[in-house]
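So the protein lines, in turn, are chains H and W.
FYI, my numbering numbers position 109 of the first sequence as 109, with every residue one higher than the one before it.
FYI, my numbering numbers position 269 of the second sequence as 269, with every residue one higher than the one before it.
Since the hints were derived computationally from the structure, they do not count as laboratory data.
All of these numbers come straight from a predicted model, not from anything done at the bench.
Quick reminder that beta carbons are idealized off the backbone N, C-alpha and C, glycines included.
One or more of the hints may lead you astray.
[Stated by the list, open to error] Just a few of them, taken from the derived set where beta-carbon distance is under 7 Å, the chain W residues facing chain H:
hint	residue
1	I49
2	C66
3	G67
4	V128
5	R139
6	K145
7	I163
8	E194
9	L340
10	G342
11	E345
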Amino acid sequence: MKKLKKPKVAFYDFACCEGCQLQVANFGEALLDILSMIDVVEFREAMSEKWEGEIDVAVVEGSITDPHADERIRKIRSRSKALIAYGSCATIGGVNGMKNAFDLDEIRKYVYKSDYKFFPTEKTRAVHQVVKVDYFVNGCPVYPPEFVTVLKAALQGTPYYVPDYPVCVECKMNENICMYDRGVTCLGPVTRAGCNSWCINNGNICYGCRGMVSNPNEKGTMAVIEKYGIPLELIVRKMDMYNKCREQRA
Amino acid sequence: MMNKRNVQINVEYLTRVEGHGNIVIDVKEGTLQTCRLDVVESPRFFEGILRGRSVFEAQHITSRICGICACGHTLASIQAAEDALGITPTAQTLKLRKLLLHLEFLDSHILHIYLLVAPDLLGVKSFVPLIDTHGKVVRRALRLKKTCNDLCDILVGRHVHPISAVVGGFTKLPSEKDLETMLNMLVGMRPDMEATVELIAALKFPEFERDTEYVGLVSDDGEYPLLTGDLASTDGVRKSKSEYRSITNEFTVPHSSAKHTKLSRESYAVGSLARFNLNYEKLHPKAKELARALGMQPKCINPYLNTAAQLIESIHCLEDAIAIVEGLQQDGIAHDEVMLVGLNEQGRIPVKAGNGVGAVEVPRGVLFHNYEIDGQGVIKNANCIIPTNQNLNNIEHDMEKLVPEILLKDDEQITLALEMLVRAYDPCISCSTHFLDVRFVNR
Chain H
1 MKKLKKPKVA FYDFACCEGC QLQVANFGEA LLDILSMIDV VEFREAMSEK WEGEIDVAVV
61 EGSITDPHAD ERIRKIRSRS KALIAYGSCA TIGGVNGMKN AFDLDEIRKY VYKSDYKFFP
121 TEKTRAVHQV VKVDYFVNGC PVYPPEFVTV LKAALQGTPY YVPDYPVCVE CKMNENICMY
181 DRGVTCLGPV TRAGCNSWCI NNGNICYGCR GMVSNPNEKG TMAVIEKYGI PLELIVRKMD
241 MYNKCREQRA
Chain W
1 MMNKRNVQIN VEYLTRVEGH GNIVIDVKEG TLQTCRLDVV ESPRFFEGIL RGRSVFEAQH
61 ITSRICGICA CGHTLASIQA AEDALGITPT AQTLKLRKLL LHLEFLDSHI LHIYLLVAPD
121 LLGVKSFVPL IDTHGKVVRR ALRLKKTCND LCDILVGRHV HPISAVVGGF TKLPSEKDLE
181 TMLNMLVGMR PDMEATVELI AALKFPEFER DTEYVGLVSD DGEYPLLTGD LASTDGVRKS
241 KSEYRSITNE FTVPHSSAKH TKLSRESYAV GSLARFNLNY EKLHPKAKEL ARALGMQPKC
301 INPYLNTAAQ LIESIHCLED AIAIVEGLQQ DGIAHDEVML VGLNEQGRIP VKAGNGVGAV
361 EVPRGVLFHN YEIDGQGVIK NANCIIPTNQ NLNNIEHDME KLVPEILLKD DEQITLALEM
421 LVRAYDPCIS CSTHFLDVRF VNR
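Could you put together the complete structure from these sequences and hints?
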C-alpha cells in the first residue's frame, strides 16, 4: 500500500523567549503521536536539521524587530502553504511591544551603553503586520490544547476562529470570584478568551496576553473601572504590556 | 608536518534572529592566533522596558526573558523586588519557592542531559534519530519532562511563565490533595532518574582539564544554597549579594558584542560544576553517592563534567523536593498566607523607595536581577546579568587550552570537541543546538 506523504511542518523563532516552542516538548509522550503524523523538517530549539524547501505548515514564534527578521519572515512566508502565528509575540507583538513606547536609540544606549551600535532594532511588529497570517494561536505562553486544535485545522486546511468574547465568559464558567470584587484590576473584560481563564484560575489577574477582543465593551469596562475608582491611566499602562503594537494597525 | 598546519574553524549560527554568535578558531602554522566565542543575547531590551513599570509586575515581565528559565527569572525578580521594598518572605513562602526552584532544575537539567548531551555521547546528530534507535530513552526523557511540567502546573499554574508566584508570596497555595499528588509524582520519578543515572554513567565524557575560578552562592547553614546566600568563589572570595557588580566586573572585548566577566583571575565559571565545587558537602547523600560512583570530587576542573554535575544536582533536587513536600504535609499549609497583590492597588504591601538585588542559582548558574524603585514602587533602573554571559569568557579560555591539545585530530573531531565543550556549559538551549550546524574551513 502506498503511504501518504506526511505534511512538512517547520518551527521558526524571532524575538521571543522560545517558551511557546517549549510548550511542545511538554506534551510528553503524546508528542511522539503528533510526530508520527507530521514530518518536522526544522525546529531550532530541539533539532539541528535544516530545511530550505517548501513547507506545508510554518509555525512562527516571536515578533519582528529588525530588518533581518523582516527579510527572513518574508522568505518563510513565500515557501509556506500555511503560516501559524504562534504565541503573543507573534500574534500581537506581546511584551516586545513595550519597547515601542521608548525612543529606540535611547533604549539601545540604556541597555548596551557604548556598544549599542551592535544592536540594531526597529519598532516591534506582530507577524501579520509584515506578512499574511493564516492562523493565530494567542497567549503568553500558548495554551497547548488550543495549539493542537489549530495544528489540526492547518493540516486539514479548515479555518480556525479565535474566540472573540472576553476571558470573563470562561472565568464565570470556572466559577472564579471576580478580581474586581477582590480589589484588584484585571484585563479579563477586554481580553480574548481561549485560555480557559488560566491566570485567574490560579489566583492571579488577567494581564491581557491574548490581545483585545475586536469589539471591546468600552461602556461596560468604563462602568467597572468607575465603580471601583480605578484611574484610567492604570488600565492603559496594563494594556500596554501586551498590546502596545495594536496602535500601529491600519 | 601535522602540528605545523593551519586550521580555521568558523561555526556560525543565529540566536533568536537579531543577534548571532560564532566559534572562531584560527591556527596558523600550528600556533593559535584567534580563539573566540561570541554569543549575543537577543536584544529585547528588557532592562529598558522595565523603567516606568510597577515593581509588582516585574516578575511577570522578566519571566518572559527566557521560556526555559522562566521560574528562575521569576524568583530572582521577586527577590530583587522584595529586597528593594524591604519585605521578608514567610518560612512557608520560602519552602514553596525552594520547591519551585528544584522543579526548575529538574526540568532544565533533564532537557539538557537528554536532548543535547546524550545525542553527542551516543554519536548521533540530534534526538530525532534516537526515536527509532533508543525509543525507550526518548520516552523516558519526555515522561520526566512532562512530570516536571505537571508538578509546576499544580504549584504555580504552569512551568512556562509561572502564574501564582508574586512579590509577597503566592496567589494560590497547594491543598492537602495537591501535596499528596505532588509527592506521588516526585516519588514516581525515582525509577526513571535511576535509569538516567545508569545511562549517563555508562557514557564516556571527554578528558580535558583547566583550573579556573568557580562562582556561586554559599551559606553558613547545612543547606545546598540555591535560592539565597552570599556570593563566593573557589579562589576564596566572599561577598554579599548587594556587591554583585564587583563579582561580575563586566567588561567589553574588541570584536565581540557580548559583555564578558572576570573576578580573581582571567575568567570564572558558574553553573552546576561551580555549585558542585563550592558546596559538595551539602548535597543530599544520594547525590554524593552518585558523585563517588562517577569518580567526581571537588575541585573537579573538567568542564565537560558539568553535565555529570547536572545529573548529580538532579538527584539532589528530586530528593530535597520530596523532603520539602513531606515537611509541608507535616506542618500543614497556612492558607491565610495566600496573596492577591495585583498592582498593589490596595496597598497591602508597604511601599518605599529602595534598591534591591536578587541573586538566585538557576540551572545555568547564578542569575542577578537588580531594581531601583521610587517611593511609588515604580522601577527607575534595572539590571539583569544572566549566567550564560558570565560563562563566555571562561569558555574562550577553555578553548584556548583545548585547541593546541587536540590539534593532531582531524577537522571534524576538533569541531565536535569544541561544540561539545560549549554545549557542556548548557548555554541557552537554542543557541547551543546551533553549534551542530558547522561551517568548517581548513586552509
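Status of the hints after comparison with the structure:
no.: 1; hint: I49; in the structure: holds, 4 Å
no.: 2; hint: C66; in the structure: holds, 5 Å
no.: 3; hint: G67; in the structure: holds, 2 Å
no.: 4; hint: V128; in the structure: holds, 6 Å
no.: 5; hint: R139; in the structure: holds, 6 Å
no.: 6; hint: K145; in the structure: holds, 6 Å
no.: 7; hint: I163; in the structure: holds, 4 Å
no.: 8; hint: E194; in the structure: violated, 19 Å
no.: 9; hint: L340; in the structure: holds, 6 Å
no.: 10; hint: G342; in the structure: holds, 3 Å
no.: 11; hint: E345; in the structure: holds, 6 Å
The structure is inconsistent with hint 8 alone, although it conforms to all the rest.
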